[in-house]
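K.L.:
Chain residues, written in single-letter form:
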Amino acid sequence: MDIKDKISKLVPEVEFKEQGDLIAVIPAASFHQVAEALRYDKEDAFDYLRDIVGMDWGETLGALYYLESTTTHARIALRTETADRENPLLPSVSDLWKTAIIKEREAFDFFGIKFVGNPDMRRIFLREDWVGYPFRKDYDEKSNDLNMTNEVNADVTTEYILNADGTLSTEEHVVFQPEDFVINVGPQHPSTHGALRMRVGLDGETVSRVDPVCGYIHRGIEKMNESLTYPQTLALTDRLDYLSAHQSRHALCMCIEQAAGIEVSERAKYIRTIMDELQRIDSHLLFYSCLVLDMGGFTPFFYGFREREMILQIMEETTGGRLIQNYNMIGGVQADLHPDFQKKVKEFIKHMRGIVHEYHEIFTGNVIATTRLKGVGVLSREDAISFGATGGTGRASGWANDVRKHHPYGLYDKVDFKEIVYTEGDSFARYMVRMDEIMESMKIIEQLIDNIPEGEYRVKTKPIIRIPEGNYSTSVESSRGEFAVFLESHGDKMPYRLHYRSTGLPLVHALDTVCRGQKFADLIAIGASMDFVIPDIDR
Amino acid sequence: MNTSFLDYYSIQPITSWIHEALCSVMPEALAIFIECVVIGVVIVALYAVLAIVLIYMERKVCAAFQCRIGPNRVGGKGGLMQVPADVLKILTKEIIRLKHADNLLYALAPYLMIMASILAFSCLPWHKGAQILDMNIGILFVLAASSLGVVGILLAGWSSNNKYTMIGAVRSGAMLISYELSLGIIVLAMIVLSETASISGIVEAQANGWNLFKGHVVAIVAFAVYLIAGNAEANRGPFDLAEAEQELTAGYHTEYSGLHFGFFYLAEYLNLFITAGFASTLFLGGWMPLHVAGLDGFNAVMDYIPGVVWFFGKTFFVVWLLMWIKWTFIRLRIDQVLVFEWKYLMPTSLLILVLMVVLKVFGLVF
Amino acid sequence: MGMKQPKIRSMKYEEFKNNDYLESMVKELQDNGVNVVVSKLDDLINWGRSNSVWSFLLGTSCCAIEFMTLGAARYDMARFGFEVTRNSPRQGDVLLVLGTITNKMAPLMKRLYDQLAEPKYVVAVGGCTISGGPFKKSYHVVNGIDKIVPVDVYVPGCPPRPEAFYYGLMQLQRKMKLEHFFGGVNRKQPKPIDE
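Chains as they are written, first to last, in our numbering: chain A, 1 to 539; chain B, 1 to 366; chain C, 1 to 195.
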């Protein structure tokens, strides 16, 4: 049965928008019913909630829910809204998808939408004493001065409950008891990979609760995008997840190209795909280095950086940048490949294949490493899907979620590669997924590097790009999961709303489940094996 | 056995001569007092110099393992003056006083730590006749003195009023006390082998062959166990849980700055040296040259090399071995550390003790 | 008496930019006048301090990754005496601010600065820390950390190349070499705030 018919049968008053993505507009009253039906659908359960995009449509506040089925990989978006701007209430779907807990917190933080039934309605990115909701269109950007007082974090969370008579009551959930031994990990901590803060409840050395506090590097990129033209928005994606710079920017470029109807040359597609894979190797090498460093091994750290430096050099020759390259453009890429590019890439692959055994000898086979990683921090497949833990983390738990396979873009439908899936779900599986993916990425590059067709590396585009009204989205497999761009255009030269799916936010959210009962040292190792980048979480 | 050159190098006559010369111009008590002061200064100076050497060595060794160069710009070739620069810097850093801490214990902890390590340090047999503290229970005294360091760590962690330091201190308390057991038992086994607990006696007992070779395979296993336990005692990787930079930022000394931090830093390296020094004393003959029973000519040639060279050579070899381990392995977890000690290392060391006694009783040692 | 010039090994004085800033600092110090013995002692201590710059990292984003490259084998900062990075603010000499400082992070950065032991320095690395960089217009980004803490050296770039890091750190060394440890420009706060 067609998905449209299914929803229409449940809610007759549903509207469908098909400008860009297929969106079902559902009244708030029957939203939870539809969501539940889709979640537990017998033929095609939409068990993976990709993202919740909070929206301010002027008169109404609401959210877009992007769903995907993990069996057929079909996608659908739902839209629901409320006209009450003073006290906006929407039903929570946190009982259906765990990831909704943190995604709804995000929408609450930015738009002030209260999700009835979500157990944790605290601010997530902004200070708890922040005034106003910055992503609303009527927000005054000057309303919050720099506040230099120390922030006090509440130890209770609020849940809003809608009573039968229509009144709202609140219930409080305790995060930490006063007698708990709570230590702060971060925001300045060597192993949080940036400015993440975790409040960790400890019982001796055993972790009893992890409460991530995000937002220490929340730069408001999505809000800034609303006042930038489309070519200008590109500049900020590289700074989101700086280890997936190419891939993030690739996603945004594809989204704009798709919406504006720009066709990219074959050569540009080749270059983009190769660069994406080089970036993936680069990121996974850094992952190796950081994981080992976080577990106290100093020497292997240098191994990873030794080879990573070769990739950076190859990239620098062509793009001019080491970490942040600003290489993808709307319509192609910034510059043509350096004449030495192919030669150097081939040299690198040869070198890497010859030296990867060193990585395994010093770390993978080490008895300390295996005892510290195997069986530690197990994330089950159901949890991985429910949390939306994509990328290597999900694949280590047995969830085949590689966007390159299931929704091919670039040239991934033309190359032959294996999707690495492990079933253990522990830290060791997460580590091995990345190490194997390095080999797969090299395989992909080898298939492409000699066949780059001649042609334009960039098609000419108009200096000002206008995108027809509608919702557009694309997703790519970034180095650490599904990175997606959700764009709503109202026909201007600037996006009405441009939202990025954070690859790391679900991982940080899952930390609490994964780490409970593990040792404190494992928390660090699990965090490293999850491989999140904080600026990508906070955006 | 021809020990003529050993006697020739012995500094016993010089020290006796100095003592007599002093006694001839002043009462003996004053002479002893002056000698004690001089020796004290020498120990502290040697301690500081060795720390500098060790830190420099560590940096160069780890650089070599990590495919880099290491310090090479400060003070001439090879960055020889790098560590003195660090020392000068640390001396001039501010010592921060904490508001909500136990100030007495907070200030006391680094001194306890350094005292423990200096006490153990002064028991090392440098050379024939050049041992500073030598008593008939010498090796037991070392065990006792070096345990004081745990108190320093615990106090530092507790008095800083910081959760990280607290975790670091408790970790190291649990770990050090456990590993002290294996260490003690292995030392006991070596006492059995050399029939004395005096350090100079243990060295002398190895005149006809080092303990490592005398005790068959048992002694070699004991050497390995000693190195593991000693590494843990010195709080170095893979047993550096008390510091665990990636977990606890700086472990038990997170709140210490300036000179106080410098003391911890120094003690860490000297504990490494002390561990290595006693490893070479117990197993590799201390200052005793390599002697093979029966080969008198060879032994005589070996005797030409002064004992102090032997001692430093062996000790730095063991130090290098321990550095190699540190820069190769990743850190263990606290439960693994304790399981390893109580389930594997302790029974092994007990077995070693029993086997050593059996070997000794039946005269199976060389 | 000639102008005192700080020496950095295998780098000429003229190769550095912003020398006028150092010269004005020297002039200001010389006007105050210094005892010969004290100034020799100063030189010794400054030699030690400038060759042992232990960094304390506040890495929030991209620049922190480039700093890791600096520590790795190819750029090996151990060569210059920057080897040790301490993770406790009590033991660092220079607060390296690597990456955007947001409004939520600002009070924490100030606190970390307060926790550093004197003498302490701050290096602002990357466009974001200098002025807000690409995020200047954001509602949640501090436009320049010098609004909150005194900054000694700015290293521009997004992120700066490792060579730029070195240039910045050498500028800091030059500055350290000129300062007077005994009285002078060292203490930036009248009394440090303890935690």
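One should not assume that every hint holds.
Unchecked claim - Only pairs whose alpha carbons sit at most 30 Å apart, straight line, appear in this in silico BS3-like list of lysine-lysine: (1) Lys374(A) <-> Lys269(A); (2) Lys493(A) <-> Lys17(C); (3) Lys136(C) <-> Lys142(A); (4) Lys136(C) <-> Lys163(B); (5) Lys418(A) <-> Lys460(A); (6) Lys77(B) <-> Lys177(C); (7) Lys175(C) <-> Lys60(B).
What the hints assert, rightly or not - Pair ranges (Cβ atoms, derived): (8) Thr15(B) <-> Asn18(C): 58 to 66 Å; (9) Gly375(A) <-> Val42(B): 47 to 55 Å; (10) Ala64(B) <-> Gly375(A): 45 to 53 Å.
Keep in mind the hints are simulated off the structure, nothing from the lab. Quantities reported herein were computed from a predicted structural model and do not represent experimental measurements. Here a beta-carbon is modelled for each residue, glycine too, at the ideal position from N, C-alpha and C.
K.L.:
Now, for every hint given, state plainly whether the structure supports it.
P.N.:
Tested hints:
Taken as a hint, the Lys374(A) and Lys269(A) pair is broken in the structure, with Cα atoms around 39 Å apart against an allowance of 30 Å. Only pairs whose Cα atoms come within 30 Å are accepted, and Lys493(A) paired with Lys17(C) is rejected, the gap being roughly 42 Å. A hinted pair counts as satisfied when its Cα atoms are at most 30 Å apart, and Lys136(C) with Lys142(A) qualifies at roughly 14 Å. Of the pairs offered as hints, the one joining Lys136(C) and Lys163(B) is violated, with about 37 Å between alpha carbons and a cut-off of 30 Å exceeded.
At most 30 Å may separate the alpha-carbon atoms for a hinted pair to count; Lys418(A) and Lys460(A) exceed this at roughly 35 Å. The hinted pair formed by Lys77(B) and Lys177(C) meets the criterion: a straight-line CA distance of about 21 Å does not exceed 30 Å. Taking the CA atoms of Lys175(C) and Lys60(B), the gap is near 28 Å; set against the 30 Å cutoff, the hint holds. Evaluation of the 58 to 66 Å hint for Thr15(B) and Asn18(C) yields a pass: the beta carbon distance comes to about 60 Å.
Between Gly375(A) and Val42(B), the C-beta spacing of about 54 Å keeps the proposed range 47 to 55 Å intact. With their beta carbons about 35 Å apart, Ala64(B) and Gly375(A) fall outside the hinted range of 45 to 53 Å.
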